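Here the sequence shown stands for residues 57 to 738, where the numbers follow the working numbering.
In case anyone wonders, no lab produced these hints; they're calculated from the structure. Incorrect hints may appear among the rest.
[Stated by the list, open to error] Label pairs and their computed distance ranges (CB to CB):
1. 197 <-> 468: 55 to 61 Å
2. 648 <-> 200: 33 to 39 Å
3. 472 <-> 677: 54 to 60 Å
4. 620 <-> 509: 42 to 48 Å
5. 336 <-> 489: 28 to 34 Å
6. 336 <-> 509: 20 to 26 Å
7. 344 <-> 223: 29 to 35 Å
8. 561 <-> 494: 28 to 34 Å
9. 241 <-> 344: 54 to 60 Å
10. 625 <-> 686: 44 to 50 Å
Please read these numbers as outputs of a predicted model, since none were measured by experiment. Ideal placement from N, C-alpha and C gives every residue a C-beta, glycine not left out.
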Amino acid sequence: MSVGFIYPLFLVAGIALAIPVIIHLFNLRRYKTVYFPHTRFLKNIQLRSQKSSQLRYKWLLMLRLLFLASLILAFAQPFFSSTGKQTEGSRLQAIYVDNSGSMSAKKGAQRLLDVAKELAKKQVRAAAPGTKFVLLTNDKPVSYRPMPADRVLLELGGIELSSKPKTAKQVLAVLQSITRSEAAKGVDLYYYSDFQQKPLAEVPEAALTEDMRLFAVPVRGGDVANVYIDTAYLMFPVLQIGVGNTLVVKSRLDGDKPKESVVLNLKVNGQVKSAVTADFDKTGESIDTLNFRVNDAAWQRIELTVNDLIVRFDDTFRITARSAPNLSVLCLNEGNPSPYIQAAFRAYDGFRLSNVGINNAPADWKEYSLVILNGCTSIGDKLAAQLVAAQQKGMTVCIFPGKADNIDALSESLKQLADITITDLDTATESATTVQKGSKLVKDMFELVPENIQLPTANWHYTIDAGLTANQQTVLGYRNGDPYFVQYSPYEGDLYILTTSLDLQVGNFASSYFFAPFLYQMAVQSSGGNVYALTLGNNQPAYLPLGNADERNMVHLLTGDADAIPPQRTKGKGLNVFVDEVVTDAGFYPLTAQNSDTVFVAVNQTRTESQLSMSNLGALKNNWKDVDIQILDTDDINAGNAYVDWDSFPLWKVCVILALIMLAVETLFLTANLRKPTAATE
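Please work from the sequences and hints to get the whole structure.
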């Protein structure tokens, strides 16, 4: 058992104890002369013996000293503790307040976040004096060291919703690092959250929960339904001027269907352009299309909103887009130009197709966004060098081969572009059976692919093997695993190869559902800079085709009155700018660089918190078997009965009571002496 003080500097005020001593020492006896002309004017004089007078003074001195001592100790706030002050080797006390988007749901009139903050404050106030805490949220820790209670209470009041959610595993990793740096023998973590399933899905490693006791405090409202916009994208990858543009919107419903109709509104540059009522299917999904027109080539701020009054952080989806009329495509033909390629690019404005013989390729390819090799059966060394240089600069290359008489020669040509080898020619008629949903060509259009769509076929195809450096990803594949249409990424740019001919006598890829969209996506990929819809927390860069950016000419991001320089890295003919490293809120943001046009990017809230399904805490204890989990009810926190591991007793209130008692006794003592009967002398 030891005694500690929260504010030990107040003990310096003990010097004040000398004041009553000095007063009593120098309170010398004084005599007063009384003149009287007649005995009838004599005054009564109180008689006191020297001994009783000294005793009175000693009692007053003692009472005043005790009063001042009690007052000083009350301000210093002493306490008894069996463990004493938190030192090296003690258990660390930590509080995590979940401030993710799902905590914006309400419990009565309060947000769940506000409820969690109040509960955490009560927990801190109920702790023993001198206890320090580590405070964690989804944002960066305010301090990586334990903080005193008054600082923790101040920081708790300033917690707001965060746009960057964290998983439980990430929180535990940060806490374990702090625990080790403090050389603590263990940690008690109070976890205030609604305990969604997604952040808790991954079971943490044993090293992250070593010597940890987790006190789960569930903060939940009633059954909540959430309507949110999952994603949206332009059906055609290039925004067109003067004609209708179609926006595809995918919305989701998590929970029971609301009584009121769910309406999607489309605004472009602040003006309402279109609206549609969402119709959710049995899976809670609705895919809708909205049309709009633009009349100029300036940046268009596209904003989609849904009328959901319960959880608001995911009700808006933003896109920025501008028209790009100068996307040029170079098609190098071994033979006649393909009518299918020409028809695809003529179907939409915004593309300029140049057909050139494969042996007459221009020397400068800077103006082109996509280079296509059509019907080639071999690639010369000079052309191969140009193709490699183009990929190194971030350009996209697509090869539609012909049926080569010398497969080995074609294979040697492809080896110059990447670590790929043609091993055989398969002459069996087969259909593609798989589609890679995660491919850059497919992911935006896959929601619109009709069910049971017929995938393309071919009556012969090359079988290709690729090394690790080729970074192969099969976009369309056969049942046996051979690629039908495949992507390689040996350099900054991508290389796409169709393993069969584009001729309709060989297969039907040119007339399939995928042909034209794939061409458009490939043409847009390397140009970049025309459509942006970023997500906070995904570390997703915005690609800017800026050729003049360098260390002295950095890209700046403007946020109101602030000017920030986000992390940026050269890629091909432009820059990858990591916007979400410097912004914390969703919105539209301009990116500027010297001697370059301003680029507007749209930043959206992450949708990882939109699914409000909660974890069963009993099941959580079973899944996290290596973690000592105790579930605390909010009523226990409110009543001050929550578990704490501090064996201590505060004394400052007792000191205040003693000070008041000493003051009252002194007052009674003085009053009693004043009322005491006196004797008169003649």
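Now for the hints, and whether the structure bears them out:
1. 197 <-> 468: 55 to 61 Å: Since the Cβ atoms of residue 197 and residue 468 sit about 57 Å apart, the hinted range of 55 to 61 Å holds.
2. 648 <-> 200: 33 to 39 Å: Given about 35 Å between the Cβ atoms, the range holds.
3. 472 <-> 677: 54 to 60 Å: holds (59 Å)
4. 620 <-> 509: 42 to 48 Å: Once the Cβ atoms are compared, 45 Å apart, the range 42 to 48 Å for residue 509 and residue 620 holds.
5. 336 <-> 489: 28 to 34 Å: holds (31 Å)
6. 336 <-> 509: 20 to 26 Å: holds (23 Å)
7. 344 <-> 223: 29 to 35 Å: holds (32 Å)
8. 561 <-> 494: 28 to 34 Å: holds (32 Å)
9. 241 <-> 344: 54 to 60 Å: holds (57 Å)
10. 625 <-> 686: 44 to 50 Å: holds (46 Å)
Checked against the numbered hints given earlier, this structure breaks none of them.
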